[in-house]
Amino acid sequence: MIDLGSLRSLIAVRDHGSIVAAAAALDFTPSAVSQQIKKLERKSHSPMLERVGRSVILTERGRLLAERGTVLLADLEQVENIAVGGAEELRGTFRIASFSTANRGIVAPLLARLRTTAPELDITVVETDPREAVTLVERGGTDLALVHDWNSLSLEIPSTVESHQLHVDHADVLLAWDHRLSLQDQVTPMDLIEERWITTPAGTICHEWLVHMFAMHGHRPDVRYFDGSYSTHAAMVEHGVAVALVPRLGREPLSPRVRAMTVVDPTPQRRVSSVWRVASRENPARQHVQHQLEELFPPTS
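Counting from 1, position 43 in the sequence shown corresponds to residue 44 in my numbering; the numbering is continuous, with no gaps.
Treat the hints with caution; some may be incorrect.
To be verified - The calculated label-pair distances, taken between Cβ atoms and stated as ranges, are:
1) Glu295 <-> Arg55: 42 to 48 Å
2) Lys39 <-> Glu121: 34 to 40 Å
3) Glu68 <-> Glu128: 27 to 33 Å
4) Val224 <-> Ala33: 43 to 49 Å
5) Ile58 <-> Leu182: 49 to 55 Å
6) Phe298 <-> Ala33: 40 to 46 Å
7) Arg132 <-> Glu253: 38 to 44 Å
8) His213 <-> Glu128: 32 to 38 Å
9) Ser160 <-> Gly54: 38 to 44 Å
Since the hints were made in silico from the structure, they are not lab data. Please read all numbers here as calculations on a predicted model, not as lab measurements. For every residue, glycine included, the Cβ atom is placed at its ideal position computed from N, Cα and C.
Build out the structure end to end from the sequences listed, making use of the hints.
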């Protein structure tokens, strides 16, 4: 019978592109991962890996084994979750991946609730961009993730992952208190064509939405500054050097010298959702954490 540990090592090499990266993801040494792969090769009498430059790729036999193994391990996880589904105590480590504003606006109050409702559950949290978080969930690198997608820029969710929308967040344009538009009730992208912007780094969903918002009007924003922290965005606005599009969720209190303006045509909205592997649907810890998340955002919110 094939060793499940060896199978996990093979899948990790496929997902991370090298033995060293796979070892880091599994918290093993590279030599241990190599030994696991060699064990599979001896069992199958076929090579599992092919070296390409400094990286490795799976051979055709290795690729097929990893594909079938991914399904097998997911099925095994479901069986294990069903077996422990009646357990009264919630114990062990539960991993959450989440974007920064959700860490402040959702995860912080969630952790406070879980200290009371599941004190033996050891929660770890890592800040992760939504696209990376979905991949992390799909590959078993985290147990649950909080993600967001904006209006027409949807986030691709694979068939092995389930999602539940928790909240609809809005974003405002931040202007300096003495900006020419600061006394208006609302602004449109056309009002802001001549402005200099600060955004999150290129390639992030928030940056893409800003570009998309202007593209709908046939223009492109003049982005001069890039920073992943919305606190930095607010500071730039306060000093009058840029304007910014900043979500409300997890937003820190603004300086009196900064005005948050409602945006229309279009109204920037992002759906905030939790995602998890289909295989972990019956996991008691996952179910409990999800229930606590939904308690934070009842249907009427």
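(Q) Given the hint of 38 to 44 Å, is the C-beta distance from Ser160 to Gly54 inside that range or not? (A) 32 Å, violated
(Q) Quick check: does the Cβ-Cβ distance between Glu68 and Glu128 fall within 27 to 33 Å? (A) Holds - the Cβ-Cβ distance for Glu68 and Glu128, about 31 Å, lies within 27 to 33 Å.
Q: Starting from the range 43 to 49 Å, see whether the pair Val224 and Ala33 falls in it by beta-carbon distance.
A: Given about 45 Å between the Cβ atoms, the range holds.
Q. Between Phe298 and Ala33, does the beta-carbon spacing fit 40 to 46 Å?
A. Since Phe298 and Ala33 have Cβ atoms about 42 Å apart, the given range 40 to 46 Å holds.
Q: Return holds or violated for the Cβ distance of Arg132 and Glu253 against the range 38 to 44 Å.
A: 25 Å, violated
Q: Take a look at whether the Cβ-Cβ distance between His213 and Glu128 falls inside 32 to 38 Å.
A: 24 Å, violated
(Q) Between the beta carbons of Lys39 and Glu121, is the distance compatible with 34 to 40 Å? (A) Since Lys39 and Glu121 have Cβ atoms about 38 Å apart, the given range 34 to 40 Å holds.
**Q.** Supplied distance hint 42 to 48 Å, evaluated on CB atoms of Glu295 and Arg55
**A.** 45 Å, holds
(Q) Quick check: does the Cβ-Cβ distance between Ile58 and Leu182 fall within 49 to 55 Å? (A) For Ile58 and Leu182 the Cβ distance comes to about 53 Å; the hint holds.
In the structure shown, a violation is registered for the earlier hints numbered 7, 8, 9, in ascending order.
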